[in-house]
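**Q** Protein chains in written order, with the numbering used here: chain C, 1 to 308; chain F, 1 to 275; chain E, 1 to 420.
Hints are supplied without guarantee of correctness; some may be wrong.
Cross-link-like lysine-lysine pairs, in silico, DSBU-like; alpha carbons within 30 Å at most [said to hold, decoys possible]:
#1 F:Lys219 to E:Lys24
#2 F:Lys219 to E:Lys335
#3 E:Lys318 to E:Lys335
#4 C:Lys118 to C:Lys201
#5 E:Lys24 to E:Lys335
#6 E:Lys286 to E:Lys158
#7 E:Lys335 to E:Lys149
#8 E:Lys284 to E:Lys149
#9 E:Lys318 to E:Lys24
#10 E:Lys53 to F:Lys219
#11 E:Lys335 to E:Lys53
#12 E:Lys286 to C:Lys64
#13 E:Lys318 to E:Lys53
#14 C:Lys201 to F:Lys161
#15 E:Lys24 to E:Lys40
#16 E:Lys318 to E:Lys40
#17 F:Lys219 to E:Lys149
#18 E:Lys40 to E:Lys335
#19 E:Lys284 to E:Lys335
#20 E:Lys318 to F:Lys219
#21 E:Lys284 to E:Lys154
#22 C:Lys201 to F:Lys219
#23 E:Lys284 to E:Lys158
#24 E:Lys53 to E:Lys40
#25 E:Lys154 to E:Lys24
#26 E:Lys286 to E:Lys149
#27 F:Lys161 to C:Lys118
For the record, the hints were derived by calculation from the structure and aren't laboratory data.
Chain residues, written in single-letter form:
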Amino acid sequence: MSRGLGRSTANRAMRRSPRDLSERALASWLLLPAFALLGLVAVYPVLNLMVTSLYELHLAYGPKGAFVGLANYERLLEDARFANALRVTLLITLVTVPGAALLGLLLALLANLPYMVKWPVRLGLLLPWAMPLVFAGLIFRWFFESDYGVVNDVLRKLGLAPLFWLSDPRLAFWAISASIIWKTSSFVALVLLAGLQSIPKEYYEAAQVDGANAWQVFYRITLPLLAPSLFVALVFRTITALQTFDIPYAMTGGGPGNATETLAMYIRTQTVENLNFGYGSAMAVALFVLCMATTALYLRFLQREEGE
Amino acid sequence: MRVPLFRLGLWLSGLVLVFNGLFPALWILFTSLKTEAELSRIPITYWPDNPTLANYQRAFREAPLARYFLNSVVVAAGATLLCVTVSAMAAYALARLRIPYAGGFLLSLVALAMFPPATLLVPLYQIFTGLGLRNTYLGLILTHAALSLPVAVLVLYSFFKTIPKDLESAALVDGCTRIGALRYVVIPLSGPGVFTAALLAFVNSWDEFLLALTLNPAKEMRTLPVGITLYQGEYLFPWPLISAALVVALVPVALVIALFQERIVAGLTQGALKG
Amino acid sequence: MVRLLVGVLVALLLASGALAQQVKLRVFIGGQQRPDVMRKILDVYEQRNPGVKVEIEVGGATSDQQQQYLTTVLTSRDPSLDIILIDIIRPAQYKAAGWSEPLDRYLPLGARDALLRQYLPAYVRANIVDGTLIALPAFADAQFLFYRKDLLDKYGFKAPTTWDEAIRQAQTILQGERNPNLNGIGFMGNISEGTVCSFLLPIWAAGGDVTDERGRLVLTEDMARRSLQFWLDLMDRHRVSPPNMAEKAQDTIRREMQQGRWIFGTLFAYAWAHFQNDPDSQVKGKIGVAVMPRFEGGRSASCLGGWQWTISNFSRNKAQAYRLLRYLSSPEVAKVLALEASNLPAFPELYRDPDVLRANPWFADALPVVLNARARPVHPRYPEIADVMRRGLNAVLARTKTPEQAAREIVQGLRTIYGQ
Numbered sequence: 001m002s003r004g005l006g007r008s009t010a011n012r013a014m015r016r017s018p019r020d021l022s023e024r025a026l027a028s029w030l031l032l033p034a035f036a037l038l039g040l041v042a043v044y045p046v047l048n049l050m051v052t053s054l055y056e057l058h059l060a061y062g063p064k065g066a067f068v069g070l071a072n073y074e075r076l077l078e079d080a081r082f083a084n085a086l087r088v089t090l091l092i093t094l095v096t097v098p099g100a101a102l103l104g105l106l107l108a109l110l111a112n113l114p115y116m117v118k119w120p121v122r123l124g125l126l127l128p129w130a131m132p133l134v135f136a137g138l139i140f141r142w143f144f145e146s147d148y149g150v151v152n153d154v155l156r157k158l159g160l161a162p163l164f165w166l167s168d169p170r171l172a173f174w175a176i177s178a179s180i181i182w183k184t185s186s187f188v189a190l191v192l193l194a195g196l197q198s199i200p201k202e203y204y205e206a207a208q209v210d211g212a213n214a215w216q217v218f219y220r221i222t223l224p225l226l227a228p229s230l231f232v233a234l235v236f237r238t239i240t241a242l243q244t245f246d247i248p249y250a251m252t253g254g255g256p257g258n259a260t261e262t263l264a265m266y267i268r269t270q271t272v273e274n275l276n277f278g279y280g281s282a283m284a285v286a287l288f289v290l291c292m293a294t295t296a297l298y299l300r301f302l303q304r305e306e307g308e
Numbered sequence: 001m002r003v004p005l006f007r008l009g010l011w012l013s014g015l016v017l018v019f020n021g022l023f024p025a026l027w028i029l030f031t032s033l034k035t036e037a038e039l040s041r042i043p044i045t046y047w048p049d050n051p052t053l054a055n056y057q058r059a060f061r062e063a064p065l066a067r068y069f070l071n072s073v074v075v076a077a078g079a080t081l082l083c084v085t086v087s088a089m090a091a092y093a094l095a096r097l098r099i100p101y102a103g104g105f106l107l108s109l110v111a112l113a114m115f116p117p118a119t120l121l122v123p124l125y126q127i128f129t130g131l132g133l134r135n136t137y138l139g140l141i142l143t144h145a146a147l148s149l150p151v152a153v154l155v156l157y158s159f160f161k162t163i164p165k166d167l168e169s170a171a172l173v174d175g176c177t178r179i180g181a182l183r184y185v186v187i188p189l190s191g192p193g194v195f196t197a198a199l200l201a202f203v204n205s206w207d208e209f210l211l212a213l214t215l216n217p218a219k220e221m222r223t224l225p226v227g228i229t230l231y232q233g234e235y236l237f238p239w240p241l242i243s244a245a246l247v248v249a250l251v252p253v254a255l256v257i258a259l260f261q262e263r264i265v266a267g268l269t270q271g272a273l274k275g
Numbered sequence: 001m002v003r004l005l006v007g008v009l010v011a012l013l014l015a016s017g018a019l020a021q022q023v024k025l026r027v028f029i030g031g032q033q034r035p036d037v038m039r040k041i042l043d044v045y046e047q048r049n050p051g052v053k054v055e056i057e058v059g060g061a062t063s064d065q066q067q068q069y070l071t072t073v074l075t076s077r078d079p080s081l082d083i084i085l086i087d088i089i090r091p092a093q094y095k096a097a098g099w100s101e102p103l104d105r106y107l108p109l110g111a112r113d114a115l116l117r118q119y120l121p122a123y124v125r126a127n128i129v130d131g132t133l134i135a136l137p138a139f140a141d142a143q144f145l146f147y148r149k150d151l152l153d154k155y156g157f158k159a160p161t162t163w164d165e166a167i168r169q170a171q172t173i174l175q176g177e178r179n180p181n182l183n184g185i186g187f188m189g190n191i192s193e194g195t196v197c198s199f200l201l202p203i204w205a206a207g208g209d210v211t212d213e214r215g216r217l218v219l220t221e222d223m224a225r226r227s228l229q230f231w232l233d234l235m236d237r238h239r240v241s242p243p244n245m246a247e248k249a250q251d252t253i254r255r256e257m258q259q260g261r262w263i264f265g266t267l268f269a270y271a272w273a274h275f276q277n278d279p280d281s282q283v284k285g286k287i288g289v290a291v292m293p294r295f296e297g298g299r300s301a302s303c304l305g306g307w308q309w310t311i312s313n314f315s316r317n318k319a320q321a322y323r324l325l326r327y328l329s330s331p332e333v334a335k336v337l338a339l340e341a342s343n344l345p346a347f348p349e350l351y352r353d354p355d356v357l358r359a360n361p362w363f364a365d366a367l368p369v370v371l372n373a374r375a376r377p378v379h380p381r382y383p384e385i386a387d388v389m390r391r392g393l394n395a396v397l398a399r400t401k402t403p404e405q406a407a408r409e410i411v412q413g414l415r416t417i418y419g420q
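All chains should be built: construct the whole structure from the sequences, respecting the hints.
**A** What follows is the structure, given as structure tokens:
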């Protein structure tokens, strides 16, 4: 990386102070801390994980592992429980990402209104996200318990029959999804609210002068300017959805049977409970590949949108 | 007339927002004032029959809750500071400077976020034990900062991208160095972005459980989530006690949010963007 | 002058000797295993063994959380722990993973059997893996049949000896009491370790088991199906249990029973202290303890619990750790735990000790139960075995699988694990 004064063609147009660093030098310095931090905390563990996935390392059979190449990955392809976990994870993602996006957008739009007292609204917006995930799952399990849950209590008060939310596979799926949507829409709303707030008021004023109605304002000003924030929120929401663990773990433990077991839960079972580190690592890498593929899809979509 | 209807609509939407966000927190608050016996009652009660503060007393008696609180504050504040600084630098570089590998860096950043921390526990444990950073503030601060880095960078990146380039170009034309432009133009404008990223990092760290459990298990170094789960027993889950501890854990976060939200809103589109 | 010199020399020698022997040991226990009582026990040890300092490391409130933490520490071969308190289901796993130091090398030949005979018989099977002694008991636990003495007395019943009796008693009482909040037989059905015990109880009660004495799988689909059908029938046919047992965790049943809502409950020993001592308990003095009912022609057996001490294979002070372990697993310490923490002792003789009985009168009733307790399958892949069993039962209780389907899957799953 060259330091000192650089002179790329584009910069000649501007007069620059001779004390200025070249763009690339500056960039290197600015990016260095991030590289260092991630290198320590993420890169080594990830590499370690990938290497472990190439070994047959099942502590139930002894502490030493043997190199087996891609055998763990081949096993994945035939593992019915893995296929089930994949199915559950994808379903949860397909439901909770749009769900959180829609609810988050609604909440952000509502939160953006001119309230006289702002802080309770903003607090209500953000508190779900602030609650530790560990406890959110347990609280929602309580809400959906057939005997002591608030949900069934409300149903009873409305004269309806109480439901077995946590022991019926389909109901459990929806209970879990609702909980996840509630919790994660808060984060989406935060990102969108920040985006909403950064839309210059002049645009709205100009639209008003031009006589646009609320829907047109939303569709042609708000949404397009929200797009980058929405994109960021969606990407992260999707990745976290693919890694869903805490809420179903607390609510059903993956039950009934394996009906609500996600990939992250199955990975944990294999590594921490079964001590099958080789296989568990392979699954973690598979999950990573899944996340990458999804992000690539998002990027492809983004490129197409920007190209238009 | 339109105005009262608008006011009513405003009130309603405000109530909806507040209720949506707060009902579990309210439930926890009410539970913290109940006794265990009341929880097994059918039909269930909402407001406690005989509100009692005994759970709060027990919470502080049975565990050093105040110390856990302090630890969480130190770790979260440290992680936030570190994360925001590092990610602001990185995001600016990616958004404003022409770097050939910018896209690749962003992608690998996001990629690293794709490994659930649970799968990285064993190597992380080895690293931090090897560095002697187990049961220290620094180790957990580094970890938490790194955890929030991808999100913070991306949020700040998209923020920096919305700041018009003209402003910086103008500053550069006026004889400012790049770093000067950064200091006098970009940073003041990036308030909301920085606060968003800071809030993200803070809450992520405050709530983080698994790594805090693994890296800082010693009693005097535990953070709140770890300490609170320890009120459990093998079979016992004392909800009233844990709720009291949860309230203690959540109130400061709520305060931080209530305070921060002003800053995020204030002074956003004033000043520079008026041209 | 000479005496002074000699005195100084002797003092110096003693001091250096003591310093040279300064050993630091670290003991790991779970958050709810009374670190306060353990500290007192260890203080006594330190007094008797100058030069040894023992620290306690507390981690994780539940068996799961502790396992998570210990897995991380032990996989990293961290020497920071010397002695670990592990759940009864772990010794086989620890041996296979190379996490435990085998205790045989510290015991002269023949001494091992004499030592193990002091404990409750079931712990022999649980702590010896492939002929190697891996751990020694810290304290015992077992699954009891708690019942409402007052209700049974009201209808002229004695504690049931067979499940048919229990069902009939429950039905009679339910009809007589006409209390919509009262339920008959409480058992664990959610995804948790307790549900494994639920699955095993009827199999044992019929006289069978999952494995034979040599550890080979002998469970048949028919035996599994009967067990699953038994619990399902309690809900659907005999109607002595409510229809949502798939959700029930052990502590839910305990709390409900404490509020007087169960006639029978299959719970572990911790429940007793709550029934008797909790300020809000509605059943104080009304709870009786009995051995698990059997089926006709079968035997009475309940699930063995308890925690064991093992030496970490990565410890740097194994010899000293062994000495500490023998102390921790001694009748003396077991008595302290019984008196201060109400832990069931692993030594049968302590159940007749007058001091212990004075503090815990119910131990007299507890003794037959712990003598009858059986260990869950001892296998390095126990977590997978447990997973297969409890998911099967959970699915049947949630009515997502029939007992036949679930039994087939359970046995197939077990056959894969046992390699048969």
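**Q** What are the numbers of the hints the structure violates, in ascending order?
**A** 12, 17, 22, 25
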